[in-house]
Amino acid sequence: AQSVTQPDIHITVSEGASLELRCNYSYGATPYLFWYVQSPGQGLQLLLKYFSGDTLVQGIKGFEAEFKRSQSSFNLRKPSVHWSDAAEYFCAVGARSSGGGADGLTFGKGTHLIIQP
Amino acid sequence: KAGVTQTPRYLIKTRGQQVTLSCSPISGHRSVSWYQQTPGQGLQFLFEYFSETQRNKGNFPGRFSGRQFSNSRSEMNVSTLELGDSALYLCASRRDRGLADTQYFGPGTRLTVL
Chain A
1 AQSVTQPDIH
11 ITVSEGASLE
21 LRCNYSYGAT
31 PYLFWYVQSP
41 GQGLQLLLKY
51 FSGDTLVQGI
61 KGFEAEFKRS
71 QSSFNLRKPS
81 VHWSDAAEYF
91 CAVGARSSGG
101 GADGLTFGKG
111 THLIIQP
Chain B
1 KAGVTQTPRY
11 LIKTRGQQVT
21 LSCSPISGHR
31 SVSWYQQTPG
41 QGLQFLFEYF
51 SETQRNKGNF
61 PGRFSGRQFS
71 NSRSEMNVST
81 LELGDSALYL
91 CASRRDRGLA
101 DTQYFGPGTR
111 LTVL
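Chains as they are written, first to last, in my numbering: chain A, 1 to 117; chain B, 1 to 114.
Read the hints as simulated data drawn from the structure, not as lab findings. Be aware that one or more of the hints could be misleading.
To be verified - Looking from chain B toward chain A, a few residues come up when the C-beta cut is under 8 angstroms (computed):
#1 Asn56
#2 Phe69
#3 Gly108
Said to hold, decoys possible - Calculated Cβ distances over 12 angstroms to all of chain A for the following chain B residues:
#4 Arg15
#5 Glu75
#6 Asn77
Virtual Cβ for every residue (Gly too), placed ideally from N, Cα, C.
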């Protein structure tokens with residue numbers, strides 16, 4: 001079964017500084033990888049996704065992530081954070097079910113991002 | 001285009017009761033998935049419906065069930081509520097069942113069991 005680890009429960013970054021959120025996954029085949037963001041009282045919004053091809057993926061709001069198969073990682077990065085980036089960030093892996101269709105997403109426990117002025 | 005809507009947004013029930021949550025997917029989306037979010041367990045997959053059929057199911061007891069109607073709207077039911085069922089229940093829709101298709105999440109229903 002697949003699993004996702006986000007080692008950092010909380011991260012504090014100064015506004016304007018760069019950001020990297022870590023994500024490690026465990027899955028036997030080529031994974032489908034996602035990063036979602038959740039603001040208080042809101043649902044999840046997809047930031048970016050990786051299925052195949054270029055290992056550096058660009059997303060919305062200036063975020064990017066790099067898939068590294070050798071390290072089983074899919075870290076999220078942003079060169080300069082804004083106060084509005086404060087939120088909960090979730091990494092997820094998707095599996096393909098034996099029936100050929102998509103399975104549910106397995107999420108990490110999330111990283112709470114705090115932005116200091 | 002309207003997003004995924006969930007009703008009600010907040011719900012308070014007592015132990016032993018049952019509850020039904022509703023999800024209206026984005027127009028044209030045929031797949032609806034449900035997730036439970038709690039502080040302790042995080043986000044966990046409950047089940048997915050596609051064209052009125054449950055295709056995949058997570059590791060939850062039989063008290064959790066769901067269904068999907070011909071217009072793709074979905075309902076989730078929890079019977080014999082327990083305190084541990086208090087959670088944010090999120091619904092997500094996508095056009096088809098492929099993982100390549102983006103899953104759009106609703107705002108969730110906050111269920112509190114007393």
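Checked hints:
1. Asn56: Check passed: Cβ of Asn56 of chain B comes within 5 angstroms of chain A, closer than 8 angstroms.
2. Phe69: 20 angstroms, violated
3. Gly108: 6 angstroms, holds
4. Arg15: Non-interface label on Arg15 of chain B holds, nearest chain A Cβ at 26 angstroms vs cutoff 12 angstroms.
5. Glu75: For Glu75 of chain B, whose nearest Cβ neighbour in chain A is about 18 angstroms away, the distance exceeds 12 angstroms, so it holds.
6. Asn77: 18 angstroms, holds
Hint check: a violation occurs at hint 2 only; the rest are consistent with the structure.
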